[in-house]
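**Student:** Sequence:
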Amino acid sequence: MSKLIEDYALLGDGETAALLANDGSIDWLCWPRFDDDACFAALLGTDDHGHWTLAPADGGVSRSRRYQDDTLVMETDFQTPDGRVRIIDLMPVRTTFSSLVRIVVGLQGIVKVRSDVRLRFDYGALAPWSAAEADAMIAKVGPNLIVLRASVKLSVSADSTVAEFEVSAGERVAFVMSYENSHERPPAPIDAEAALVSTQRFWRDWIGRFDNAMTDWPVQVRRSLITLKALIHRRSGGLVAAPTTSLPEAPGGGMNWDYRYCWLRDASFTLTALLNAGYHEEAEGWRNWLLRAIAGSPDKLRIMYRVDGSRHLPEWGVDALPGYRFAKPVRVGNAASTQHQLDVYGEVLDCVDLASRGGVPPSDQEFVIERRLVEHLETIWRTRGSGVWESRAEPCHYTYSKVMVWVAFDRFVSRHATNERVSRGLLRRITELRQTVRDEIYREAWNEGLGTFTQHYGAQTLDASLLLLPLVGFLPVENPRMASTIATIERELVEGGLVRRKKANADGPNEGAFLACSCWMAECMKLQGRDREAREQFERLLAVANDVGLLAEEYNVPGRHLAGNFPQALTHLSVVNAALALSGPTLRRGGKGFRE
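Going by our numbering, the residue at position 439 of the sequence shown is 434; the numbering climbs one at a time, nothing skipped.
Some clues are possibly wrong.
As the list claims (entries may be wrong) - Lysine-lysine pairs mimicking DSS-like chemistry, simulated, CA-CA at most 25 Å apart: (1) K107 / K148; (2) K497 / K521; (3) K107 / K(-2); (4) K323 / K(-2); (5) K497 / K323; (6) K148 / K135; (7) K323 / K498.
Quick caveat, the hints were computed from the structure, so don't treat them as lab data.
All chains should be modelled from the sequences, with the hints used to inform the complete structure.
**Tutor:** So this is what it looks like as structure tokens:
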């Protein structure tokens, strides 16, 4: 696989997503859900691991692409010696079954086009049983049933399904691939042109609710919001961190993780972005997903869940896949799901607080959950954890985790100081603990010699998550220790104008700049009154998006390319939050009200 991560664009239907390369090949698709097995896995291997290429037979001499305005509909133009064609790609928003729609449009001359479909289920390992029936190809394996219909002849073999045809200026040739469970009847045909129109209408109606006047970067915010909407599971309201697994954060592999799940870490970032952008329905759906997922014993809280709220994510390696650019391992599941991370308690209570201040109607269960979580946190807050970056080394007293403990106690006290359902004894204890935690952080996380807060108690190392301390309301940026910490991060963790989450590791994998951190830095600069520098910092981040406005988790500065899973929700959430915060008043974590 020689393609770069930035060569890909996103397609999605609200329950799963596909990655489409700029050469016309769909190289990643998990059906029927984000976290199901991939049936196209060439992204992490070769064409033999599954893909669907639709392009001029000779590849073309040049190509360009764009999303149709305010949609998730991609169009790619190919110029060949014989003429020019356009491929329109989309996934209709799912109502019953899931489909991929691809329409070839002749623009100039006569162009020979080839469609090559190689379905490989179980992450590239299983070729389905395929047969031609009437005007369709039907493929079955295990629980999966795929139907491919086209307005041209399909040649079906055990290995692939191919179509070769010519298209003239003004002609349109449609392909529709649909998924259903193998015990069901094959999905009915759908009209590709009608699906195109309804999909365009859906996305334009949805993003049309955003007011461009809210930001100086409306184009980038609209693209980020559309991307986030595509990563929100339509039925459950859960937001996956990314639609991919094992795109490496560092060259050569090792730091390859499965991100097709919902992180509690993203809870407050998500609520802030959706509420500030005006998407209250999605914000309420996310809040409700969160409360359902964590219902039960507070001591059983996980840091991540599946989109349906289930909690078991056993991690295993896919030996059959060589990995993106041979970076192994390819992981399915995520062992970090069982880690002990104190910060998630603060995320949950912060999320509930934000929802309330942002106008989301209260849930009947939220108070009970809040109370049970703080009562449990009262007994465990002194324990060590794995931290927000999910370290697989020995647990530590991570500074950001302890700050989020403070956030949990602070939000509970702020919300329930006059709530008669809260015992005065509990309120008094939590109020005292809030101060105790703050004092401990001030004492144990500060390194006088370095003049900065550190990654964990007693550490000599920095961590860009410290930029979140003023953003969650723990310390103002004017505080001398906070100001010194921000300055030290600027001096020590900035590479090529972008912020790393930690210093480069001379003895291990050298991961890229963590893109969300650059947004956090821009917000801190804004709070410091450094408006021009904040805008410059933010625009350096925007400059590394690919040609269709998508961002991964990280950016490899020396290599000048995106790295990590793609597109990444936290990055796009941070873009929305920073773009709005740099443009005017917003709902803030730990603030007093809405758009104060």
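**Student:** Hint by hint, which ones does this structure get wrong, listed from lowest number up?
**Tutor:** Violated hints: none at all, because every hint is consistent with the structure.
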